[in-house]
Amino acid sequence: MKSIKLLVAALFAAMPALAMAQDPGAGGMGVMGQVIFFAGFILIFYFLIWRPQSKRAKEHKALMSGLNKGDEVVTSGGVAGKITKVTDDFIVVEIADNVEVKVQKVAVAAALPKGTLKDI
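Per this note's numbering, residue -10 is the first one in the sequence shown, and the count goes up by one each step.
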């Protein structure tokens, strides 16, 4: 245990000498290095965040515009049903026999293949 304490004390004593031994001209990245770093950051941001999000938004917009009477859908709240009426902003979804619910089009999470509700 005593040897570990001596090693740590020697290491901390040598730190100022190591700091002075560094080349003063190598203070960091140059202007070009900073530009490349910033461009890389922007590319990562674009490919990991912005592009996938805009792709999902485009697919959801296409889903909403393609909703028709008779389609089977699942809402973002988890309610599954068959569309009985479509208007500009709302749809009427039949979730059981003679039970209909008005739902905003933007709340539709996915369209199901025909006949899925009969299997559930």
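Warning: the hint list may mix true and false statements.
[Said to hold, decoys possible] In silico PhoX-like cross-links for lysine-lysine, where the CA-CA straight-line distance does not exceed 20 Å: (1) K107 <-> K44; (2) K71 <-> K47; (3) K44 <-> K71; (4) K58 <-> K74; (5) K50 <-> K107; (6) K44 <-> K58; (7) K47 <-> K107; (8) K71 <-> K103.
The set of hints was computed from the structure by calculation and includes no laboratory data.
Holds or violated: K47 with K107, Cα cutoff 20 Å?
-> Answer violated: K47 to K107 is near 30 Å, above 20 Å.
Quick one, are K50 and K107 close enough, alpha carbons at most 20 Å?
-> violated (27 Å)
Does the structure keep K71 and K103 at a Cα separation of 20 Å or less?
-> Cα-Cα ~10 Å, so holds.
Quick one, are K107 and K44 close enough, alpha carbons at most 20 Å?
-> violated (31 Å)
K71 paired with K47 [C-alpha distance capped at 20 Å] | Violated, at roughly 23 Å.
Take the C-alpha atoms of K58 and K74, compute the straight-line distance between them, and say whether it is at most 20 Å.
-> holds (6 Å)
Is K44 within 20 Å of K71, Cα to Cα?
-> Violated: K44 and K71 sit about 26 Å apart, past 20 Å.
Taking only the CA atoms, is the gap from K44 to K58 under or equal to 20 Å?
-> violated (26 Å)
Going down the numbered hints, you'll see the structure goes against 1, 2, 3, 5, 6, 7, while the others check out.
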